[in-house]
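Asker: Take these sequences, add in the hints, and give me the full structure.
Chain residues, written in single-letter form:
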Amino acid sequence: MFPKNTWYVACTPHDIAAGPLGRQICGERMVFYRGEGGRVAALEDFCPHRGAPLSLGFVREGRLVCGYHGLEMGCEGKTIAMPGQRVRGFPAIRSYPVQERYGFIWVWPGDAAQADAAKIPHFDWHDNPEWAYGGGMYHVKCDYRLMIDNLMDLTHETYVHSASIGQKEIDEVPCKTTVEGDSVITSRFMENIMAPPFWQLALRGNNLADDVPVDRWQICRFTPPSHVMIEVGVAHAGLGGYDAPADRKAYSVVVDFLTPETETSMWYFWGMARKFNPQDLALTDSIREGQGKIFGEDLEMLQRQQQNLLDYPERSLLKLNIDAGGVQSRKIIDRILAEENAVHSLSASALASA
Amino acid sequence: MFPKNTWYVACTPHDIAAGPLGRQICGERMVFYRGEGGRVAALEDFCPHRGAPLSLGFVREGRLVCGYHGLEMGCEGKTIAMPGQRVRGFPAIRSYPVQERYGFIWVWPGDAAQADAAKIPHFDWHDNPEWAYGGGMYHVKCDYRLMIDNLMDLTHETYVHSASIGQKEIDEVPCKTTVEGDSVITSRFMENIMAPPFWQLALRGNNLADDVPVDRWQICRFTPPSHVMIEVGVAHAGLGGYDAPADRKAYSVVVDFLTPETETSMWYFWGMARKFNPQDLALTDSIREGQGKIFGEDLEMLQRQQQNLLDYPERSLLKLNIDAGGVQSRKIIDRILAEENAVHSLSASALASA
Amino acid sequence: MFPKNTWYVACTPHDIAAGPLGRQICGERMVFYRGEGGRVAALEDFCPHRGAPLSLGFVREGRLVCGYHGLEMGCEGKTIAMPGQRVRGFPAIRSYPVQERYGFIWVWPGDAAQADAAKIPHFDWHDNPEWAYGGGMYHVKCDYRLMIDNLMDLTHETYVHSASIGQKEIDEVPCKTTVEGDSVITSRFMENIMAPPFWQLALRGNNLADDVPVDRWQICRFTPPSHVMIEVGVAHAGLGGYDAPADRKAYSVVVDFLTPETETSMWYFWGMARKFNPQDLALTDSIREGQGKIFGEDLEMLQRQQQNLLDYPERSLLKLNIDAGGVQSRKIIDRILAEENAVHSLSASALASA
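Chains as they are written, first to last, in the working numbering: chain A, 60 to 413; chain B, 60 to 413; chain X, 60 to 413.
I should point out that these hints are in silico values taken from the structure, not numbers from a laboratory. You may find that some hints are simply not true.
[Unchecked claim] Stretch by stretch, here's where chain X covers chain B in the computed footprint (C-beta under 8 angstroms, at least three residues): (1) 133–142; (2) 229–242; (3) 290–302; (4) 367–376.
[As the list claims (entries may be wrong)] Only pairs whose alpha carbons sit at most 30 angstroms apart, straight line, appear in this in silico DSSO-like list of lysine-lysine: (5) X:LYS178 <-> X:LYS63; (6) X:LYS235 <-> A:LYS137; (7) X:LYS178 <-> X:LYS200; (8) X:LYS137 <-> B:LYS227; (9) A:LYS352 <-> A:LYS200; (10) X:LYS378 <-> B:LYS200; (11) X:LYS227 <-> A:LYS137; (12) B:LYS137 <-> A:LYS227; (13) A:LYS235 <-> A:LYS390; (14) X:LYS235 <-> X:LYS378; (15) A:LYS200 <-> X:LYS200; (16) A:LYS200 <-> B:LYS200; (17) B:LYS178 <-> A:LYS235; (18) A:LYS390 <-> A:LYS378; (19) B:LYS63 <-> B:LYS227; (20) B:LYS235 <-> B:LYS378; (21) X:LYS137 <-> A:LYS137; (22) X:LYS137 <-> B:LYS235; (23) X:LYS378 <-> X:LYS390; (24) A:LYS378 <-> A:LYS352; (25) A:LYS378 <-> B:LYS137; (26) B:LYS378 <-> X:LYS137.
Positions of the beta carbon are idealized from the N, C-alpha and C atoms, including for glycine.
Answerer: Okay, here's the thing in structure tokens:
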């Protein structure tokens, strides 16, 4: 239950630096590599000769070479050459539209004809001297929508991340959810509170006192298919909070790209783009380390929640105020899925009546 | 295929000392914890909010708090509070009758209305200065009834436990099985034999010579649903055996509580209650260590037996004299299962005709 | 999809030296052991008493003793004795024809009445002072026929084994496949090339220069059900190649016995018989080590190929010139399978009309 005519983050340039990468996305086994001229390509990870995974091969002069018998694939999925064999008439395998942007490789698992690079969202923070970015990736055995729920309702920070970013004020201050077209925004503003440990680290990282009251904000923004950007930060109290001057606050965007692997597993690309002290590489490292540890705390909870839901399929879940962000996001996903299915049915019936 | 309207050992107080414990019993995922006033409680391990396992949470002021979003459960399965949310109208989850007795937490997985603490069997050896107890728990991937067979036919000691409690005389001396109501008793008395290593240890533990002939006894007693208490011991030969004076024998009860997890896996609570030298804690430790090692020897055999039976479901097993204890015990279980099903059908048909 | 009325390699004498060995072959769980007079025997690995695996037992005076309750099996599958029980009337379990030959234990998983030791192929290299043999075994999670394909098309050496036995000339020189009765032969002869690292080792092992041009040959021979013997070697160039004098070449036979475990897993007995410098035990060791490492390189490829084929069952594979050896071998297997099924159907219909 994932949209397919859309862009997902597949991997990073680093993942394909040393050779091809095999990765299942939206139920399809794919191989990612750099082809001719260093351009990224994605094919089915299935050699048309004997079914070997192409990701066990290597790239030679821009062509993906099968590591079993040396068949050479072009980035369109056609066999180009094979030692001692005529390759004309070899069945083509599927190729997937790919784009390299914002430090990620993006893939379009659906109908290639509809793939449009302009549909990749824009991110200010990439390749911008005012910003610094660090992040990582986790494989999580849960439906990607459970992760959307998780990220659109940050009350869980009080419980799952009690030692780092959680604090009781998150529970105490209500959040507000709005829908703007295909975006869902859930926001919470806390005033005159003490910063929890992670945000003390961030304040120090911007050369600010960490033991004075702060205003804290969390603005979660879902956009389809499964991106969640969260503006987060703290400012010394009483200076405008979110709107305080840059040198009196620590302002960041939590970056979450959720890529379905199967119906019940996903690739979780997480990171933090910060708009303070961007040249401090040691700070980038310590934030990445802290965030990685914090986000790792969600995994057991989500995976065991998934297991419970699989074991008790008849149970329906509650939808409370705090769940509004996830509920609205799922509505948008459901509408997109319905549209994809309608088009699919239409094509099928047009075909049938032709 | 396990009775559900009965008490099973679920865990020990130690298992819930640091926080809630999640454990599947008779196919149901349960969470055990100490609630108000330190009273033990058991609920479904499924938060009514979003399906998270409650066993990942914590206890605060006698209430089980979900570790995901802070929902607070009462020990009756009703939601009591949740930060910033009205909890009236939340669906209740199931609670299970529990009792703390004899150093164990007992649970009744079936119809709560029938749960009666008086049905927990009585054990002399608990909290009794004449006795000492030590034990442990194993998770075993087999039908609990294979373990009943194992414990009601101790000829396997000669083979599985040849280096500790086995000896050829077990094979040579016939056993006798009788049924008394819902109890099955299989007994064997061996006279004027040499004690095997484990019993030499026990004799020394009671300050008795370990190199003289002994009389040895094994009296296995099954009671439903799956308790097997085995009176075991050795006495210096010719002094009355089982009835010899306490200072001329080493007399113990092997304690076996078998709790089904699924149809083909179980929790095995094993221990030994001894009625000699009870103050010697070092002796308790060395007996527990020895017993743990011996009982661990059964696991591979039972698990691979289970695998064989699953792979060859059409094969019927032989029922020999030595198997009488297990066969009779299974008859009692089958009768209880039939009664549970009959009541169930009756309720269903009463409901249908109402 | 494996022939059953045929001999497969089950294990080596070493595997049953310390006690019984349990191993699944052609879907059947078997136990192998040395019975009376040291004669090898194979039975179902299922005790007729309670279904315990007999392979957890031991051998006493030529009888396999069940490790659970001491039941004693004869090598024909009949229960011979059991302590304190009458064993007459015990159901027999299946015994399998076995032979010990050429340093292996062979088993016939099909109809015992058809088992004929004369059908085990002859191998010159066993117990012959002109030859030395070394080998090992791998468990591989793939259909044994994927391994036949692998061994009957050595172009994969260029890719999978590029650092040891691969070289571009294998790709450049066409191979030739012929069928002789039930044998399939695929051969390739390369002239005046440089030896790759493994063959340099072999040349030095026969006290020959390793830095001069050589002629190299590969003659793969499939015989049913799944044996692949490959004559391999190099000779200093221009001296007749395959027919060069023994002291100017390094001549070996790669020995491959493929034994199905299930439809998608197998036991791979591999080795090398060499006809040069046979007394050099250190050379035997270093060749075995090198071959083990090289053959280990195939495992990931074959296992992931198998996984791909299971995930995409509707895809058909290409059959190119280089695949002729595997294609012809599979035709012979298919014919044998059809014959086995025809006989089976005939027996069944004869039975039905009787």
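Asker: Give a verdict on every hint.
Answerer: Verification of the hints:
no., hint, result
1, 133–142, "violated (count 0)"
2, 229–242, "holds (count 3)"
3, 290–302, "violated (count 0)"
4, 367–376, "holds (count 6)"
5, X:LYS178 <-> X:LYS63, "13 angstroms, holds"
6, X:LYS235 <-> A:LYS137, "28 angstroms, holds"
7, X:LYS178 <-> X:LYS200, "28 angstroms, holds"
8, X:LYS137 <-> B:LYS227, "23 angstroms, holds"
9, A:LYS352 <-> A:LYS200, "18 angstroms, holds"
10, X:LYS378 <-> B:LYS200, "46 angstroms, violated"
11, X:LYS227 <-> A:LYS137, "23 angstroms, holds"
12, B:LYS137 <-> A:LYS227, "23 angstroms, holds"
13, A:LYS235 <-> A:LYS390, "17 angstroms, holds"
14, X:LYS235 <-> X:LYS378, "15 angstroms, holds"
15, A:LYS200 <-> X:LYS200, "24 angstroms, holds"
16, A:LYS200 <-> B:LYS200, "24 angstroms, holds"
17, B:LYS178 <-> A:LYS235, "53 angstroms, violated"
18, A:LYS390 <-> A:LYS378, "13 angstroms, holds"
19, B:LYS63 <-> B:LYS227, "39 angstroms, violated"
20, B:LYS235 <-> B:LYS378, "15 angstroms, holds"
21, X:LYS137 <-> A:LYS137, "61 angstroms, violated"
22, X:LYS137 <-> B:LYS235, "28 angstroms, holds"
23, X:LYS378 <-> X:LYS390, "13 angstroms, holds"
24, A:LYS378 <-> A:LYS352, "29 angstroms, holds"
25, A:LYS378 <-> B:LYS137, "17 angstroms, holds"
26, B:LYS378 <-> X:LYS137, "17 angstroms, holds"
The structure fails to meet hints 1, 3, 10, 17, 19 and 21 from the earlier list, while all remaining hints are met.
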